[in-house]
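**Student:** Each chain is listed here by its residues.
Number of protein chains: 2
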Amino acid sequence: MSEKEALVVFTPSGKRGHFPHGTPVLQAARKLGVDIDSICGGNGLCGRCQVNVGEGEFAKHGIASSWDHLSEKGFVENRYQEKRNMKADRRLSCQAIVEGDVVIDVPADSQVHKQVVRKSATVRDIAIDPAIRLYYLTVREPDMHDPSGDLERVYEALEQQWEVTGLSTDLHVIQVLQTTLRKGKWSVTVAVHNDERVIAVWPGLRERIFGVAVDLGSTTIAAHVCDLMSGEVMVSTGLMNPQIRFGEDLMSRVSYVMMNPGGDKEMTEAVREGLNNLMVEATKEMDMTPHDIIAATYVGNPVMHHLLLGIDPTELGGAPFALSTDNAQDLTPRDLDLNLHPGARIFVLPCIAGHVGADTAGVALSEAPYNEDEITLIVDVGTNAEMLLGNKDRILAASSPTGPAFEGAQISGGQRAAPGAIERVRIDPETLEPKFRVIGSELWSNEEGFEESIKNTGVMGICGSGIIEVLAEMYLAGIILLDGTIDGNLATKSSRIESDDRTFSYLLHDGEPRICITQNDVRAIQLAKAALYAGARLLMDKLGIDHVGKVKLAGAFGSHIDTKYAMILGMIPDCELEKVTSAGNAAGTGARIALLNKASRQEIKDVVRKIEKIETAVEPRFQEHFINAMAIPHKTDPYPKLSTQVKMPARVMPEKSSDEGEDSGRRRRRRRG
Amino acid sequence: MSEKEALVVFTPSGKRGHFPHGTPVLQAARKLGVDIDSICGGNGLCGRCQVNVGEGEFAKHGIASSWDHLSEKGFVENRYQEKRNMKADRRLSCQAIVEGDVVIDVPADSQVHKQVVRKSATVRDIAIDPAIRLYYLTVREPDMHDPSGDLERVYEALEQQWEVTGLSTDLHVIQVLQTTLRKGKWSVTVAVHNDERVIAVWPGLRERIFGVAVDLGSTTIAAHVCDLMSGEVMVSTGLMNPQIRFGEDLMSRVSYVMMNPGGDKEMTEAVREGLNNLMVEATKEMDMTPHDIIAATYVGNPVMHHLLLGIDPTELGGAPFALSTDNAQDLTPRDLDLNLHPGARIFVLPCIAGHVGADTAGVALSEAPYNEDEITLIVDVGTNAEMLLGNKDRILAASSPTGPAFEGAQISGGQRAAPGAIERVRIDPETLEPKFRVIGSELWSNEEGFEESIKNTGVMGICGSGIIEVLAEMYLAGIILLDGTIDGNLATKSSRIESDDRTFSYLLHDGEPRICITQNDVRAIQLAKAALYAGARLLMDKLGIDHVGKVKLAGAFGSHIDTKYAMILGMIPDCELEKVTSAGNAAGTGARIALLNKASRQEIKDVVRKIEKIETAVEPRFQEHFINAMAIPHKTDPYPKLSTQVKMPARVMPEKSSDEGEDSGRRRRRRRG
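As they're listed, the protein sequences go chains A and B. Here the numbering used here is used: the first residue of the first sequence is 1165, the next is one more, and so on. Here the numbering used here is used: the first residue of the second sequence is 1165, the next is one more, and so on.
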């Protein structure tokens, strides 16, 4: 070892090496592969490469010695400290020079691959490693004696200043390159996708870029604009899916396509326009424009996925429910007529099967059951309930046709979860008197001030979680029997049990409107919960298990319901109550992970390929489980004939026409079973 | 060797191997890597895999034996013979079964990599190997028990039926895939680009695909629509460049941009619209539409190249003449707003330097001087003369500012090469009387019936080749002296020598209009030819040679002039006359090569990178050569001061403004030297 070399040790990585005196710390870090961020390439501009100098004495050759031999702070560091409030004990590693043995600590916020800690302790953190990176460059000016293209001198700078090679470039970058280089006086920041392609160029130093993760639901579209460098969510926003004017639910939208040639194009246009409007709103909050969004990821159910991509969803409307593709899509804004940065890169997560969409792929990525030993059941409840079951060895997926009852549709007093909707219910088992809470108020209906607290909305109806609670409470109070019948004998005990022709109902709220739970309402929920339960059981059969380790409920409904009541009603397989948790908007989280971590994209592609797809429609066991699960909570033995006729809920999809031309105008309902 | 195996020998490749009886010939060929074409994948549909059975007896183990052991023709072959006129001695190699030893001859028209023989014996043939291939597939139908995307079953078929793997697909293909598969009853033909990406899908069997090679000139746009499988030129067509309304020549178009903000976009739109109209016309002749064009290649000078690509050409208008990029571009029709098949792949050849464009790259690809031992000078004469000089060891390129004189501009009676233009001239050295020929007539002006033969046009002017000839003939007749002066003393000998103030002119045609060759005309051609010669000499200096092996003249002018007169005038360096040839529209041929042969694309990229770019503007030797070359033919020693003041021709480009904002409206002329 030459006398002029010094030992440099980086913590926390522990990487170390010998370097000549005079080596900048950042250069030493690069040589050793130590993860220190930098955009400006060591020009003392971006301030991302901050480090701390190790303190205290360390032994070397058995002798205690000082390990803090760095150059004094110079002009650049002092200016940065003054103008940008760099802490006094911090150094810019591009400016600090090794002058002897030194221990350098790289704080978490100076690493490229920072971690975003998610709130819930049960889920993994997101490692920030987006597919797009920024590089600040000083580009050589053109020289008539050695003619070369401006772009080729950008490549030269990327190679010399960043060791990035083998690049190609989008045409729109080439179109603005010459003016940008001259505007930036030959200093520019370029964005490079996958270390392969230059997708944007800005004059001077650009330090932040943004992306958006979108969860494209049938009803609502939710978008999270994130800082791609920090992972921070800048704006979360949403809007109603403008496709609603073509049909409230997926099935009616597919019908619309079948009945209206070109209807798919109308809906594609509608959702894309909605997304464009949403981006204008979201970026306005950040004093930016949609052109500042350079990355986007999308999840959605198969019909939403196909319509976003401009694919006619007709094939998803009838057996064999063939997806156009079950691959992820790497696209550009132009592919989807989206108004983002022209170089933006779009990643659409893959659909899993005809009824299990990219939203479920997002759930899988968020909850990562494939990394765990314990067998997890994840259910995303909507009009269909998409399910994942398994662990690191195997993952199965299916969709059960629960119908829209859980969302308050097909329920006499049902409504969406919105202010004025009953969401919590308790029934006194002695008096059969109810109390409830309404979205928008913290008070129970029997508490003082309740009427005042809801004076803006009144009590308008009952939402999904309210229905689950009222049914479970009715069951616990003995109002509902095992087979789901409302017990008319109780009419003598309480005037809330009312007679409707041949059946009975329970008066939950005697207001305007009156909110009753009818026998039909109970049947609708029985059908929905039986479908959900049967789907889960079917997957358990396939896996050869009769008990799941834990259950996660995802989606708005799944996050909102009290898991205890879900258990009481028998919506989900038996499981220790504390092992039943909410996963929140896991689909949206999955989109965010794909946005912020490029490796996760390959991960979800691999996982989706591995997932075993189960089509409930062709599984006889599904129907058997379904019949059994009609009981409350449910039974595993064959159940005696129910007192009312049970029809399985169908995927209420228009039948696929055998002759496209003539029958496309007709609308038929297909029933399965 | 098992008794049931047979020896199969393919000619002309000589490849051979043993195969079990019952093996289809095509399968044996594939195993051995014998080049037999097939689109339908052995389904007896496309008829591309035709072979002949070897005749006569061949010796095996020293014993003469029969080598024609194939199965009898079956239904498929007989039908193909009947319906498609397959010759009786031909077999479909996918249907013919090996039943014993056999010699199979693969005719040239059944090979994938056919050769297109070019007319000129001096140039290489084009090996047909386009970047796009067709594959006919039978795709498995969807199955609810094993759900998968339609696209993934297309990939499966490509792998199983064609051993093509690792593909991705354009979104527009996915958008039409489901209906196409069903329309084709699960048989489709897909087009795959570079064995990487599916870019088109058609129902059933599609046997032909087409591409277009475009030479984008400042004045005219020429397009050749080719069958990508055979290389055949289906339609050749052209139109005036619609940008002409913004300026006749390149310089005035660049000025237009400088004077009119957004002017580049207007011109980009104009040329793209022109290309779209041209494609409609061209494909109409073939009973097709532009959507049948799935590949396109473009060449053009740097300004045309930039405007096609939507790049502001302002930087090309002033020193240092920086290109935005000197790379080739792989694009899609959407990038350029071109109306072709949405999956079409566009290849734009690379520009070489600020004055040496993709058209010269096309010339290089066509003439391939880099493959030869002999040193070749290739000159493409236009407003500038682009030159390539070199051989397999080194290639140099430069552009000389010849100005538009060779194209008939700045010449008193000059006009474009069109009917009515004088193109050939002879002058009797005794009488000084001329005779000439006019485009549109085969007769000399002194022949009987000449007036009648040109009655539609009359004699309208003189085109580039005519000017060269008349000047050379004037020189040979002694009318022009060595220094270019028209000798006024001859006015006594012939009334055709006329006095114009202080100079003299030669009356070539006393009609309406009168066509005279003035002293200014001679000076304009002297300047042009001196620039051309000086550029060539400069490259020869750089290469350290004083003699070139051969000279090729490319472009319309270069192809049209009589090389003898070019030599007499001293336009080009001395060379044996029979070694001076025309290369025709070599730029367009280069575009066609790039269209039909994918390897040529990498070849031209590599060549352009290797070419040494010489900027004549910064080479003092260029000016020295230029002055010397003003003489007729030219001299290598310092030339005595010319009788009139010589100004070097400038690249008449508007000066680059130092302050973009304020000066962009001004138009200045810059003179060099």
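Take these hints with a grain of salt, some might be off.
Said to hold, decoys possible - In silico SDA-like links for lysine to any residue, alpha-carbon gap of 20 Å or less:
| # | chain 1 | residue 1 | chain 2 | residue 2 |
| --- | --- | --- | --- | --- |
| 1 | B | Lys1774 | A | Pro1506 |
| 2 | A | Lys1769 | B | Gly1482 |
| 3 | A | Lys1769 | B | Leu1741 |
| 4 | A | Lys1429 | B | Asp1413 |
| 5 | B | Lys1429 | A | Pro1506 |
| 6 | B | Lys1706 | B | Ser1723 |
| 7 | B | Lys1769 | A | Thr1329 |
| 8 | B | Lys1347 | A | Leu1331 |
| 9 | A | Lys1349 | B | Ser1332 |
| 10 | A | Lys1777 | B | Asp1307 |
| 11 | A | Lys1347 | B | Ser1312 |
| 12 | A | Lys1347 | B | Ala1483 |
| 13 | B | Lys1251 | B | Gly1264 |
| 14 | B | Lys1349 | B | Asn1207 |
| 15 | B | Lys1777 | A | Asp1307 |
| 16 | B | Lys1769 | A | Glu1316 |
| 17 | B | Lys1769 | A | Lys1347 |
| 18 | B | Lys1429 | B | His1455 |
| 19 | B | Lys1777 | A | Thr1329 |
| 20 | B | Lys1448 | B | Ala1483 |
| 21 | B | Lys1706 | A | Arg1304 |
| 22 | A | Lys1706 | B | Pro1425 |
| 23 | A | Lys1349 | B | Lys1774 |
| 24 | B | Lys1777 | A | Glu1316 |
| 25 | A | Lys1347 | B | Gly1426 |
| 26 | B | Lys1774 | A | Lys1769 |
| 27 | B | Lys1774 | A | Lys1347 |
| 28 | A | Lys1762 | B | Asp1413 |
| 29 | B | Lys1762 | A | Ser1332 |
| 30 | B | Lys1706 | A | Glu1316 |
| 31 | A | Lys1774 | B | Arg1370 |
| 32 | A | Lys1774 | A | Ser1669 |
| 33 | A | Lys1774 | B | His1309 |
| 34 | A | Lys1769 | B | Thr1343 |
| 35 | B | Lys1769 | A | Lys1706 |
| 36 | A | Lys1429 | B | Leu1335 |
| 37 | A | Lys1774 | B | Ser1312 |
| 38 | B | Lys1347 | A | Arg1304 |
These aren't lab readings, by the way, just hints derived from the structure by calculation.
**Student:** Each hint should be assessed against the structure and marked as holding or not.
**Tutor:** These are the hints, each one checked on the structure:
no., hint, result
1, Lys1774(B) to Pro1506(A), "33 Å, violated"
2, Lys1769(A) to Gly1482(B), "51 Å, violated"
3, Lys1769(A) to Leu1741(B), "66 Å, violated"
4, Lys1429(A) to Asp1413(B), "45 Å, violated"
5, Lys1429(B) to Pro1506(A), "17 Å, holds"
6, Lys1706(B) to Ser1723(B), "27 Å, violated"
7, Lys1769(B) to Thr1329(A), "17 Å, holds"
8, Lys1347(B) to Leu1331(A), "41 Å, violated"
9, Lys1349(A) to Ser1332(B), "40 Å, violated"
10, Lys1777(A) to Asp1307(B), "11 Å, holds"
11, Lys1347(A) to Ser1312(B), "51 Å, violated"
12, Lys1347(A) to Ala1483(B), "18 Å, holds"
13, Lys1251(B) to Gly1264(B), "23 Å, violated"
14, Lys1349(B) to Asn1207(B), "15 Å, holds"
15, Lys1777(B) to Asp1307(A), "11 Å, holds"
16, Lys1769(B) to Glu1316(A), "13 Å, holds"
17, Lys1769(B) to Lys1347(A), "30 Å, violated"
18, Lys1429(B) to His1455(B), "25 Å, violated"
19, Lys1777(B) to Thr1329(A), "23 Å, violated"
20, Lys1448(B) to Ala1483(B), "44 Å, violated"
21, Lys1706(B) to Arg1304(A), "26 Å, violated"
22, Lys1706(A) to Pro1425(B), "68 Å, violated"
23, Lys1349(A) to Lys1774(B), "29 Å, violated"
24, Lys1777(B) to Glu1316(A), "15 Å, holds"
25, Lys1347(A) to Gly1426(B), "18 Å, holds"
26, Lys1774(B) to Lys1769(A), "42 Å, violated"
27, Lys1774(B) to Lys1347(A), "31 Å, violated"
28, Lys1762(A) to Asp1413(B), "49 Å, violated"
29, Lys1762(B) to Ser1332(A), "18 Å, holds"
30, Lys1706(B) to Glu1316(A), "25 Å, violated"
31, Lys1774(A) to Arg1370(B), "35 Å, violated"
32, Lys1774(A) to Ser1669(A), "47 Å, violated"
33, Lys1774(A) to His1309(B), "16 Å, holds"
34, Lys1769(A) to Thr1343(B), "26 Å, violated"
35, Lys1769(B) to Lys1706(A), "56 Å, violated"
36, Lys1429(A) to Leu1335(B), "15 Å, holds"
37, Lys1774(A) to Ser1312(B), "12 Å, holds"
38, Lys1347(B) to Arg1304(A), "56 Å, violated"
Figure legend: structure checked against the earlier numbered hints; hints not met, in rising order: 1, 2, 3, 4, 6, 8, 9, 11, 13, 17, 18, 19, 20, 21, 22, 23, 26, 27, 28, 30, 31, 32, 34, 35 and 38.
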